[in-house]
Amino acid sequence: MFNPMIWTMLKTALLETLYMVGVSTVFAVVLGLPLGILLVITSEGHIKPNKWFNTILGWIVNVGRSVPFIILMVAIINFTRWLVGTSIGTTAAIVPLTISAIPFFARVTEQSLREVDKGIIEAAQAMGATTMQIIIKVLLPEAFSSLVLAMTITAVNLIGYSAMAGAIGGGGLGDLAIRYGYQRFRGDIMLITVIVLVILVQGVQTIGNFIARRLSHK
Amino acid sequence: MIQFENVTKVYKGENEVVALSDVDLTIKDGEIFGIIGLSGAGKSTLVRCINLLETPDKGRVSVNGVDMLSLTSRRLREERKKIGMIFQHFNLLSSRTVEDNIAFPLELSKVPKKVRKEKVAELLELVGLTDKARAYPSQLSGGQKQRVGIARALANDQEILLCDEATSALDPQTTRSILDLLKKINKERGITIVIITHEMNVIKEICDKVAVIEDGRIIESGVVEEVLLNPTTDTAKTFLKGVIKTEVPPEVAARLKLSNGGELIQITFLGGETGEPIINEMVSKFDVLVNILYGNIDQVQDITFGMLVLKLTGPEQKLAKAFLEDKGLKVKVISDV
Ligand SMILES: Nc1ncnc2c1ncn2[C@@H]1O[C@H](COP(=O)(O)OP(=O)(O)OP(=O)(O)O)[C@@H](O)[C@H]1O
Ligand SMILES: [Mg+2]
Chain U
1071 MFNPMIWTML KTALLETLYM VGVSTVFAVV LGLPLGILLV ITSEGHIKPN KWFNTILGWI
1131 VNVGRSVPFI ILMVAIINFT RWLVGTSIGT TAAIVPLTIS AIPFFARVTE QSLREVDKGI
1191 IEAAQAMGAT TMQIIIKVLL PEAFSSLVLA MTITAVNLIG YSAMAGAIGG GGLGDLAIRY
1251 GYQRFRGDIM LITVIVLVIL VQGVQTIGNF IARRLSHK
Chain A
3 MIQFENVTKV YKGENEVVAL SDVDLTIKDG EIFGIIGLSG AGKSTLVRCI NLLETPDKGR
63 VSVNGVDMLS LTSRRLREER KKIGMIFQHF NLLSSRTVED NIAFPLELSK VPKKVRKEKV
123 AELLELVGLT DKARAYPSQL SGGQKQRVGI ARALANDQEI LLCDEATSAL DPQTTRSILD
183 LLKKINKERG ITIVIITHEM NVIKEICDKV AVIEDGRIIE SGVVEEVLLN PTTDTAKTFL
243 KGVIKTEVPP EVAARLKLSN GGELIQITFL GGETGEPIIN EMVSKFDVLV NILYGNIDQV
303 QDITFGMLVL KLTGPEQKLA KAFLEDKGLK VKVISDV
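Order-wise, the sequence lines are chains U and A.
Going letter by letter, the first sequence gives residues 1071 to 1288 in my numbering.
Going letter by letter, the second sequence gives residues 3 to 339 in my numbering.
To be clear, the hints were calculated from the coordinates, so they are not data collected in a lab.
Incorrect hints may have been included.
Claimed, not checked - To give an idea of the interface, some chain A residues facing chain U are shown, with a C-beta separation under 10 Å as derived from the structure:
#1 50
#2 85
#3 86
#4 88
#5 90
#6 92
#7 96
#8 97
#9 99
#10 106
#11 109
#12 110
#13 114
#14 134
#15 138
#16 140
Claimed, not checked - Okay, derived cross-link-like pairs now, PhoX-like style, lysine-lysine, Cα gap no bigger than 25 Å in a straight line:
#17 A/83 <-> A/185
#18 U/1118 <-> A/84
#19 A/186 <-> A/119
#20 A/84 <-> U/1207
#21 U/1288 <-> A/14
#22 A/112 <-> U/1207
#23 A/14 <-> A/60
Stated by the list, open to error - Simulated restraints on C-beta separations:
#24 A/141 <-> U/1189: 15 to 23 Å
#25 A/200 <-> U/1088: 55 to 63 Å
#26 A/170 <-> U/1121: 33 to 41 Å
We treat Cβ as the ideally placed atom computed from N, Cα and C, and that holds for glycine.
Hey, can you work out the whole structure from these sequences and the hints?
Have a look at this one:
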């Protein structure tokens, strides 16, 4: 039905999408997690309450989340070019993807960590745990399974955004869909790209759910 | 030794709550000290002021001579490691197995892995959960969870164990087994135990001393048997009602009224004297007839105490009563009940 070249293109596009989503998810987690932790522990009644810090950080995160991805991408073009040397292509797309996912992941992390039972945290305090010990030995392990779900949601979001990034020169499945499916009226390519995206999202979500369930001992 | 001097704690907020007001309290080494009070009386606040989970607004808290309020946060953490705590809802780490939960405080103190393992094995043995070492808390019953809590609270060879409603989520039988365990570790390790509860039975079962707290004030305190026998405040009496019957039930009193002639007296006795055949001695010494109409005997720890309602008839009633009082019994004439 398709000629082999389409399969090759599809394969390349899928790998590019996986690359963009994979790398930006990792960066978003690495950079968003500490922010999420800070948001929780500095909130009122938690282990290191600091009203000012918490308010300002919360505000920054909200601003980050409210900028639409497409605008963010254009707005930081110079920064992207400075950071990775180019503003087009998959590697360049990783920069806005990561930046848009950081505040999102920070918020979902905050929610996950907030669910950790106050009593458990208090027990650790009563045992003489330091703030760092509480974060590393109590908050993160207790919230681990829900953090895996948070990463999953972040990755799923990034799959969607990566298609958008692709549409404006980032490569990947979105790029393929636009260039062939839309601009060259290849409805079949459009369709198969969408199907691959759906399968990808489903797959990521299923794996995430599975791991989270395995990790939970609640 | 744990000492409170004029400790006051106020929760500020929309409406201020004075949770503790001018509390003075001394808990000696090796004691099992009970703190009883109604909900909201300030019991939790009181124990939480010992390891400074709550900071008093006024007064002094010292533990083994260390003025807790003067410590830097680093020194406070060191002191906290010497004070174990168990909770109503256990507060175990759900992500860790039983053995890893018990090892947790040892990890915090950076105890080497090998030593940790030995210590954990020993503690599992102590609380009788060796076969559950690899289980997760969600797979345990309430009683088992509290045993893990106890093992965890003893891991650093703590000198003090604080129990905030540690048995309130458990059924009576499990409560008993947990109390027995606490008693055992008190005996074997000489650890000081502070128990908070709203159940008089818990106090009766294992405490040496008790303090009754109401509206943030200690309204009564002392040796358990004495407080149980001579409660002076209404709150203490309310708690006692369900536990020890030192009062004649109304239906019995009504029946007693019908029996005329002679004098009705109620005697309350405690501990040692009950072993002696006092009544027998009285009858043989004096010219009186004794009829035992009602009685109730209870056991608090190892001490028996109780109450008898007697009808005395005969010429030497007065002398007989004086004799009973001489023997240290509390005698109350209830002819007019
Ligand atoms: N963090 C807090 N903020 C404000 N008020 C508080 C706080 N903790 C306790 N209180 C109030 O202080 C008083 C004493 O509370 P505490 O928890 O010490 O009582 P308790 O005797 O332990 O009660 P219970 O048997 O219900 O556990 C109560 O009126 C309570 O509402
Ligand atoms: Mg309480």
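Residue 1288 of chain U paired with residue 14 of chain A [C-alpha distance capped at 25 Å]: Given pair residue 1288 of chain U, residue 14 of chain A is violated - Cα atoms ~35 Å apart, limit 25 Å.
Hint status (Cβ of residue 96 of chain A to nearest Cβ of chain U, threshold 10 Å): holds, 5 Å
Holds or violated: residue 84 of chain A to residue 1207 of chain U, with C-alpha atoms at most 25 Å apart: holds, 20 Å
Hint status (Cβ of residue 50 of chain A to nearest Cβ of chain U, threshold 10 Å): holds, 9 Å
Chain U contact restraint for residue 85 of chain A - C-beta distance below 10 Å: Since the shortest Cβ distance to chain U is 7 Å, the answer is holds.
Chain U contact restraint on residue 86 of chain A - CB to CB distance below 10 Å: holds, 8 Å
Minimum beta-carbon distance criterion (10 Å), residue 90 of chain A to chain U: holds, 9 Å
Interface restraint verdict for residue 109 of chain A against chain U (beta-carbon cut-off 10 Å): holds, 7 Å
Interface hint status, residue 138 of chain A versus chain U (Cβ within 10 Å): At 4 Å from the nearest chain U Cβ, residue 138 of chain A passes the 10 Å test, so the hint holds.
Satisfaction of the hinted span 15 to 23 Å by the C-beta atoms belonging to residue 141 of chain A and residue 1189 of chain U: Holds: the Cβ-Cβ distance is about 19 Å, inside 15 to 23 Å.
Minimum beta-carbon distance criterion (10 Å), residue 106 of chain A to chain U: holds, 7 Å
Given hint residue 185 of chain A paired with residue 83 of chain A - CA-CA distance at most 25 Å: holds, 22 Å
When each numbered hint is compared with the structure, violations occur for hints 13, 14 and 21.
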